[in-house]
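Novice: Could you put the whole structure together from the sequences, leaning on the hints where they help?
Under the numbering used here, residues 1 to 338 are what the sequence shown spells out, in order.
Just so you know, the hints here were simulated from the structure itself, not pulled from any lab data.
Don't take each hint at face value.
[What the hints assert, rightly or not] Calculated lysine-lysine pairs in the DSS-like style (CA-CA distance at most 27 Å, straight line):
(1) 182 / 306
(2) 44 / 195
(3) 324 / 306
(4) 114 / 324
[Stated by the list, open to error] Distance windows between CB atoms, simulated:
(5) 229 / 78: 43 to 53 Å
(6) 263 / 306: 36 to 46 Å
(7) 195 / 78: 44 to 54 Å
(8) 311 / 273: 42 to 52 Å
Using N, Cα and C, we set each Cβ at its ideal position, and we do this for glycine too.
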Amino acid sequence: MRAAVYTVGDDIGWKMADIPVPHHSSFSVLIQVKSVALNPSNFKHPMITATWPFIRHLRKDWPVGYDVSGVVLSAGTSSACNVKAGDKVWGISIGVAGEFAVLPCFLTVPIPGKLSFEEAAGLGVAGLTTLMGYERSGLGPKQKVLVVGASGGCGQFGVMLAGAMGAKVTGICGSQNIDFVKQLHTNVDAVFDYKQPFKMAGLFSKGRYFDVVYDTVTSSAPEDPNYEPMLGPLRKENGTYLAIGPCPKPSDQFRAFWDGFTRPFGLRLQREGYDWYFLLPTKTLMLKLNSFFDSGKLTEVPIDSKYDALESSDAIEQAMDRQKSRRAVGKILLTFDR
Numbered sequence: 001m002r003a004a005v006y007t008v009g010d011d012i013g014w015k016m017a018d019i020p021v022p023h024h025s026s027f028s029v030l031i032q033v034k035s036v037a038l039n040p041s042n043f044k045h046p047m048i049t050a051t052w053p054f055i056r057h058l059r060k061d062w063p064v065g066y067d068v069s070g071v072v073l074s075a076g077t078s079s080a081c082n083v084k085a086g087d088k089v090w091g092i093s094i095g096v097a098g099e100f101a102v103l104p105c106f107l108t109v110p111i112p113g114k115l116s117f118e119e120a121a122g123l124g125v126a127g128l129t130t131l132m133g134y135e136r137s138g139l140g141p142k143q144k145v146l147v148v149g150a151s152g153g154c155g156q157f158g159v160m161l162a163g164a165m166g167a168k169v170t171g172i173c174g175s176q177n178i179d180f181v182k183q184l185h186t187n188v189d190a191v192f193d194y195k196q197p198f199k200m201a202g203l204f205s206k207g208r209y210f211d212v213v214y215d216t217v218t219s220s221a222p223e224d225p226n227y228e229p230m231l232g233p234l235r236k237e238n239g240t241y242l243a244i245g246p247c248p249k250p251s252d253q254f255r256a257f258w259d260g261f262t263r264p265f266g267l268r269l270q271r272e273g274y275d276w277y278f279l280l281p282t283k284t285l286m287l288k289l290n291s292f293f294d295s296g297k298l299t300e301v302p303i304d305s306k307y308d309a310l311e312s313s314d315a316i317e318q319a320m321d322r323q324k325s326r327r328a329v330g331k332i333l334l335t336f337d338r
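Specialist: Next comes the structure, spelled out in structure tokens:
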């Protein structure tokens, strides 16, 4: 089958290649892939593993991607497999950017509402990460949310899901994307250009105004500013600052890592009001995300661009270049639809 795979050896990159069709077990399903959505971690992953000699040479024929949609060809016999051949589904797994992919039964669900295959592929990491954060923060109707990086993949879901949950939304993005963010949901109150200090001053004048600050930008990368010292004071005293990028402070990352193990037992290790977390996908969370589209509270997933992986020999390079540009407005897709 045709697939987008990581290169091996000392090269850091991607290519289109022919690899064997994967086989599924009793606890997984085989799908004919229609669309795959990319995420920033897809291009950051090989940069990390390239520094680990014992891993980088294991990347041979390792397909790119986690977020996928398609049609079930064969389903496992496990009771967890509640889909059947012919069903249109979306799901999450490792290495899905090929004509066929295997998904765990517990991470495969029907495509909701009237979403296309392309839109459904964009639900995965961005949608689930956002929903998980809002559930952790206890976000509810009439609360106020500030979304940092509101035009990005997680940011757009931050705006849409907060609006669908009845919250009032304020966004921060570049000036060229302000109109895009405003039309994501009717509950958007205001959108600020982060490059305009005078306009940002209007945001800071609100004081402790927001119940949730959802920061999709801050990370340990040199090119990403640390917004928490600047925007943290806008969080209400009993509010939550949600962070999803790699922590700029090693101490925060250490505490957040162990917090993931202790929180189920009622012990919180992170700073008061600060919550750094990473996605732990579950079928329950996926079905909750589906419910927003099945109910009509949300109706679409914005798409930035599409690259035909079966027609173009450099589709993955083009898609990754777009992902790395940090200028995408909506999801970036590889399509495998014959």
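Novice: Does each hint fit the structure? Answer for all of them.
Specialist: Verification of the hints:
Between residue 182 and residue 306, the direct Cα distance comes to roughly 23 Å. Compliance with the 27 Å bound is thereby established for this hinted pair. About 26 Å separates the Cα atoms of residue 44 and residue 195, which keeps this hinted pair within 27 Å; it holds. Under the criterion of a C-alpha separation no larger than 27 Å, the hint pairing residue 324 with residue 306 is consistent with the structure, at around 15 Å. In summary, the hint linking residue 114 to residue 324 is not supported, as the alpha carbons are separated by about 30 Å, beyond the 27 Å threshold.
Remark: the range hint 43 to 53 Å for residue 229 to residue 78 is upheld by a beta-carbon distance near 48 Å. One distance hint, 36 to 46 Å for the beta-carbon pair residue 263 and residue 306, holds here, with the actual separation near 39 Å. The hint said 44 to 54 Å for the Cβ distance between residue 195 and residue 78, and at roughly 51 Å that hint holds. The beta-carbon spacing between residue 311 and residue 273, approximately 49 Å, falls within the hinted interval of 42 to 52 Å.
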